[in-house]
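Q: For chain U, the structure is supplied; the task is to place chain C on it using the hints.
Number of protein chains: 2
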Amino acid sequence: MPQFNDTELTAAVIKSFEGTPNPRAKFLLQELVKSLHEYVRKTDLTFEEWDYAIDFLTRTGQKCTPIRQEFILLSDVLGVSMLVDAVNHRERDGATETTVLGPFYVGEHKETPPGTDISAALEGERMFVQSRVTDLKGKPLAGVPVDVWHADDDGFYDSQKPTYATQGPSSRARFITDADGRFFFRTILPCSYPIPTDGPAGEMILQVGRHAMRPAHVHFLVNAPGYEPLITHVFIEGDKYLDSDVVFGVKDELVAHIEKRTDPLMPDGKPAPAPWHLMTYEFRIKPGHGMAPKPLMAATEDA
Amino acid sequence: MPQFNDTELTAAVIKSFEGTPNPRAKFLLQELVKSLHEYVRKTDLTFEEWDYAIDFLTRTGQKCTPIRQEFILLSDVLGVSMLVDAVNHRERDGATETTVLGPFYVGEHKETPPGTDISAALEGERMFVQSRVTDLKGKPLAGVPVDVWHADDDGFYDSQKPTYATQGPSSRARFITDADGRFFFRTILPCSYPIPTDGPAGEMILQVGRHAMRPAHVHFLVNAPGYEPLITHVFIEGDKYLDSDVVFGVKDELVAHIEKRTDPLMPDGKPAPAPWHLMTYEFRIKPGHGMAPKPLMAATEDA
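Going line by line, the protein sequences match chains U and C. Mapping of the first sequence onto UniProt numbering: position 17 corresponds to residue 17, and the numbering continues sequentially without gaps. Mapping of the second sequence onto UniProt numbering: position 282 corresponds to residue 282, and the numbering continues sequentially without gaps.
The hints are simulated quantities; they were obtained by calculation from the structure and are not laboratory data. Note that the coordinates shown come from a computational prediction; the quantities given were computed from them, not determined experimentally. No residue lacks a Cβ here, since even glycine has one placed at the ideal position from N, Cα and C. Hints are supplied without guarantee of correctness; some may be wrong.
[Said to hold, decoys possible] Covered stretches of chain C (chain U as the covering partner; in silico rule of three or more C-beta atoms under 8 Å from a C-beta of chain U): (1) 36-45; (2) 74-86; (3) 122-133; (4) 139-152.
[To be verified] Pairs of lysine-lysine residues, derived as DSBU-like cross-links and limited to a Cα-Cα distance of at most 35 Å, are as follows: (5) U/Lys34 with C/Lys251; (6) C/Lys139 with C/Lys286; (7) U/Lys26 with C/Lys139; (8) C/Lys260 with U/Lys42.
[Unchecked claim] Stretch-level coverage of chain U by chain C, calculated; a stretch enters the list once three of its residues show a Cβ under 8 Å from a Cβ in chain C: (9) 37-45; (10) 80-87.
So that you can see chain U by itself, here it is in the shape it has in the complex:
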C-alpha cells in the first residue's frame, strides 16, 4: 500500500509518467511535475493559496473566447512569452528580432490590396507604412503574406469592441509582398494602451502595483514558406512606456523612427489628407519551417 511522505510522493508522480509514448512529452511532463512540486515545497503553499490558484486559473480559462486569449496575456505579463521567444531565437543570424504574439491575433487575416487604409473608419493621425521582406542576404521575397494589426487611437483592438462581429476587422489586414518584396498600406499612428484589466491577468497586474501599459506598436506576422515565421512588432520611437512595457516585449532594433511629413503626396503618389507620418521598416527572415501547429499530444497518439 502506498503511504507517501512529500518526497516519495514526487518520485511516485514522476514515475507515473514513465510510460509516456513520446519521449519529449515524457520529459516535459516529468519536468513539470518536478517544477510544480518544488514550488509547493519551497513555498509551503497553504490550502487557501492553492484554492486561490485553482480559482484564478479557472477564471483565466473562462475569460478566453475565440477572439480573446487570457492565458496568453497571463504568459505575457509573467515574462514567459518573451522567454519562450528568447530561448527559441538565440541565434538571429541578422534576421529581424522577434517579440510576443500577444492575445489579439485572431488567425489568418483577410488579404487586402496594396495601399489600403486599414483604419479608414477611425479617428487619428494618418500614417503611411512602407516595408519590405528579404532573406538574410537582402534578397527581396515576393508573394509573402504579412499579417498586420494594431490598436486604435483609444487603445483598443477591433476584436475588443462589441461591433467586431458585425463590422469585421479594422486596423487588421494581410498584405502580400510584390515582386520587389515590398508592401505598403495606410493606417493611423497607434498609441500606447493598457492591456485588458477586466480579466484575471490584468487585475493581478494592478493588484501588485504594476502599470498595465504597452508602448505604441504595430504587430507584424511574416510567414513565408521555407522560412522561420517572424512574429514581431515595430514600436514607435519616443513612447514613454518603451522602458517599462508590461509584457517585456521591447527590443532596441524594433523601435522605429516615425517621420512627420507635410508632403502633399504619399509615397504611392496619392494625395495626403494633412500632415502625416511615415513608418519605414524592413524585415529580414531566416530559413526554417513555416508555422507547424501540430499538437504535442496528438504526436504521442501517432507514436
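A: For chain C alone, kept in the frame of chain U given last:
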C-alpha cells in the same frame, strides 16, 4: 531602452513584482516567475509546445462548471493536491490522516436526519456507515457537521449526471454528530471508478498510458468550529487500485475493513434488507481554524 537576454529578462520580471503590497503574495509571485522561467529554460520549450500548453490550460478552464472542477482534477493527477496536503499536515498529532478534496465537492451539503439511506434510489449492495468524531484525546464532539459523498455503483457522482439539476443530490448529504459525537447513515458500497476522461486532465492521463482509476472510497469533510477542517476519504479494503490511485490519495490508515453482515437488523435496530456491509470508522480532529476561504489577492487590496 531594455534589451533582455533570457537571464536579464527573468530578473526584470521578478523586479516588476517588487511593489506587491502583501509580502506573502510578493513571495509567491516572484517564486512563480522563477519557477516558470526555470522550466522554460531547462526544457528549451518550443513555440508549438507553449501553444499546446496555452490551449490545454484554456480547455481546462472552460471545462469547469459550478459542479465540475477540471483544474482540481489536473492538480490531483499531477500529485499537486496531495503534496499541498502533505506540506500542510506534517504534524498530525494523532489526528486522522487527510487526502484530496477531489473535483466533486459541490459546497455545503443539505442536513439530513440520522440513519437516512442517501442512496435510496440506487442499485447496489447496501452498506451501513457508523462513525464518531472526537478530539485528539478521544473526547466526543457533538453538533459537528460532516459532509459525505461518494460515487454510485457505475462510478459516477450525482453531479456528473444530467439528472442532477432536477433530481438533486444522491449519495451526498450532511450529518450532524449527536451528543456522543456519533453519526450514521445507510448507503451502497461504492466501487472503484475512473476519473472523468472527457476533459483535458483525463485525456492526458490516457495519452501517457496511465490508468484513470481511483480505488473505492467515501469522502468525508468534517468541519467543526475551533478545529482544523478534516478533508479525507475512507477507502474500501481489498480494492485492486489501492496501490495505484490515479490521484495518489491512498494512506494506510484510511483503508477500512468492511464487514459483510447477515444480521437481520442494522445497528440502529431497523431491519436489514438482505446481506449488507458495515463500515466503522472514527475521525479524530485537531484544534485549529475552520475553513477560511479569504482570497490572497483580496488581502492585498485591504493592505
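Q: Could you run down the list of hints and mark each one as holding or not?
A: Tested hints:
Coverage of the segment 36-45 of chain C by chain U holds [criterion: at least 3 residues with CB-CB distance below 8 Å; count 10]. Restraint check on the segment 74-86 of chain C versus chain U: 9 residues with Cβ-Cβ distances below 8 Å, three needed, restraint holds. Under the rule that three or more residues need a Cβ within less than 8 Å of chain U, the assignment of the segment 122-133 of chain C is violated, with 0 such residues. Look at the segment 139-152 of chain C against chain U: 0 of its residues bring a Cβ nearer than 8 Å to a Cβ of that chain, fewer than three, so the hint is violated.
In summary, the hint linking lysine 34 of chain U to lysine 251 of chain C is supported, as the alpha carbons are separated by about 22 Å, within the 35 Å threshold. Distance restraint check for lysine 139 of chain C and lysine 286 of chain C: the Cα-Cα separation of roughly 11 Å lies within the 35 Å cut-off, and the hinted pair is therefore satisfied. A C-alpha spacing of about 50 Å is found between lysine 26 of chain U and lysine 139 of chain C, which places the hinted pair above 35 Å, so the restraint is violated. Between lysine 260 of chain C and lysine 42 of chain U the alpha-carbon distance is near 46 Å, which puts this suggested pair outside the 35 Å criterion.
Coverage of the segment 37-45 of chain U by chain C holds [criterion: at least 3 residues with CB-CB distance below 8 Å; count 9]. Counting residues of the segment 80-87 of chain U whose beta carbon lies closer than 8 Å to any beta carbon of chain C gives 7, which meets the minimum of three for the stated coverage.
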